[in-house]
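Trainee: Generate the whole structure from the sequences, applying the supplied hints.
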Amino acid sequence: MLETLQRAPLLDRESDRAALTAVGDSFETTSDLEKLTVTRLDRWSARNVSQMARTPAPSGPLIDYAPGETALPSPSREWHTIDNALVRDGGTVVTGQRLIVYEGAADPAINQFSAFGQRLYGSPINQSVALLTSLPVADRMIDEAILISGRHDSNWYHWMAEYLPRALDVPLEIDSTVPLLASDRIPAEGLRALSAITKRPVLIARHDIGHRVRLLHASAPVLQVLDSTRVPWTQGLAIRADAVRRAAETLVQAAEASELAPDRLLFIRRRSVHRGLVNEDRLARIASERGFELIEPGEMSWSEQVRAFRSARIVVGANGAVMANYLFMAPGTQAIGLTAEGLEGFILPAVIADAVGVRFSAIAGSHNTPLSRSPSKIEWIHSDFTVSEATFTEGLRAALARR
4 MLETLQRAPL
14 LDRESDRAAL
24 TAVGDSFETT
34 SDLEKLTVTR
44 LDRWSARNVS
54 QMARTPAPSG
64 PLIDYAPGET
74 ALPSPSREWH
84 TIDNALVRDG
94 GTVVTGQRLI
104 VYEGAADPAI
114 NQFSAFGQRL
124 YGSPINQSVA
134 LLTSLPVADR
144 MIDEAILISG
154 RHDSNWYHWM
164 AEYLPRALDV
174 PLEIDSTVPL
184 LASDRIPAEG
194 LRALSAITKR
204 PVLIARHDIG
214 HRVRLLHASA
224 PVLQVLDSTR
234 VPWTQGLAIR
244 ADAVRRAAET
254 LVQAAEASEL
264 APDRLLFIRR
274 RSVHRGLVNE
284 DRLARIASER
294 GFELIEPGEM
304 SWSEQVRAFR
314 SARIVVGANG
324 AVMANYLFMA
334 PGTQAIGLTA
344 EGLEGFILPA
354 VIADAVGVRF
364 SAIAGSHNTP
374 LSRSPSKIEW
384 IHSDFTVSEA
394 TFTEGLRAAL
404 ARR
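Residue numbers (our numbering): 4 to 406.
FYI, nobody ran anything at the bench for these hints, they're computed from the structure.
Just so you know, even glycine gets a beta-carbon here, dropped at the ideal spot from N, CA and C.
Possibly wrong hints are sitting among the right ones.
As the list claims (entries may be wrong) - Distance ranges between label pairs, derived from CB positions:
1) Arg80 <-> Ser29: 33 to 43 Å
2) Leu14 <-> Pro378: 16 to 26 Å
3) Arg80 <-> Ala60: 44 to 54 Å
4) Asn282 <-> Glu176: 46 to 56 Å
Mentor: Here it is in structure tokens:
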């Protein structure tokens with residue numbers, strides 16, 4: 004029986020991952036995990052500070068976010084050219100026996116079990132080595148490409164706020180005929196938004212196989228956040244606010260939304276398997292009774308979303324991928340996120356809103372499952388929650404009274 008267990012593929016992987024932490028690179032793998040040397044290109048820097056962190060400041064039923072004293076670091080602005088690259092999982096880049104970490108938030112050493120769909124593993128103790136599962140490789144060799152996709156590109160927020168802005172940042176010396184390499188997971192409307200702001204050809208690649216690229220150009224996403232509770236949110240966030248603003252302004256212009264008057268009240272319906280707002284229907288009715296229109300961005304084209312948010316005076320809805328659309332709102336307007344205890348300190352929505360001069364506030368509710376019954380804190384903060392109808396009503400009243 005012991006021999007059978009020792010031969011089990013999953014146990015072999017666990018053994019290799021344990022060995023990575025215990026002995027570093029001085030071991031031979033026994034599973035399908037390939038051992039790679041890590042080369043890090045993205046170093047977050049506070050030398051070019053573009054934005055300050057925000058600090059939760061409760062104000063009655065609303066939690067405002069005041070300017071903090073911590074400077075948010077900036078991801079690297081550099082573009083890197085990688086010879087004979089292998090691109091897989093949307094954003095994993097390998098050349099030879101080296102893993103190229105061009106995104107600081109995606110460094111596998113941050114967490115021993117940090118993963119791209121549980122395919123890439125690292126260790127905070129031995130950071131020079133990572134383990135990567137094997138995948139089939141496409142027959143075709145791509146001559147030259149610009150990597151525009153990323154590890155979370157199926158998510159509207161990650162695509163619109165983190166990855167897409169790089170399309171406007173490509174160095175002029177890279178020929179205009181060189182295609183942008185995008186994965187097949189990117190939302191269709193996200194790809195249409197990309198095509199609206201660049202004339203470069205777009206090459207769609209399957210995310211579940213490897214793609215060989217003779218000459219690959221890659222740069223760090225302009226906005227990055229660690230999905231971890233091990234460090235304060237202020238230390239796990241980096242932003243290039245100028246690049247974020249430029250992309251937002253370009254998309255607003257492309258959607259012909261620049262001149263829209265911000266006078267609408269919008270309640271955002273949200274359909275998600277994470278952080279579900281259990282009583283959303285009831286809150287939507289309360290908002291509707293107070294003049295809010297109900298919209299569901301997931302059913303709208305990218306340009307319809309841009310125009311809706313640009314024309315809003317107040318937007319309210321559960322925190323999530325929709326926060327990317329705060330970037331399209333007019334300066335001086337309000338975004339109100341519905342969240343739960345444990346996430347009041349999650350400053351990303353406030354930072355996104357602040358980048359374009361939008362005031363962000365939160366209304367906090369309660370998780371349906373107590374922390375003591377959750378497998379981990381990270382799973383707890385991503386679990387379903389409920390917002391009190393009374394607190395929500397008071398929060399709307401306070402927001403509507405602001406000028």
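Trainee: Against this structure, judge whether each hint is valid.
Mentor: So, going through the hints one by one against the coordinates:
| no. | hint | in the structure |
| --- | --- | --- |
| 1 | Arg80 <-> Ser29: 33 to 43 Å | holds (36 Å) |
| 2 | Leu14 <-> Pro378: 16 to 26 Å | holds (21 Å) |
| 3 | Arg80 <-> Ala60: 44 to 54 Å | violated (32 Å) |
| 4 | Asn282 <-> Glu176: 46 to 56 Å | holds (54 Å) |
Checked against the numbered hints above, the structure violates only hint 3.
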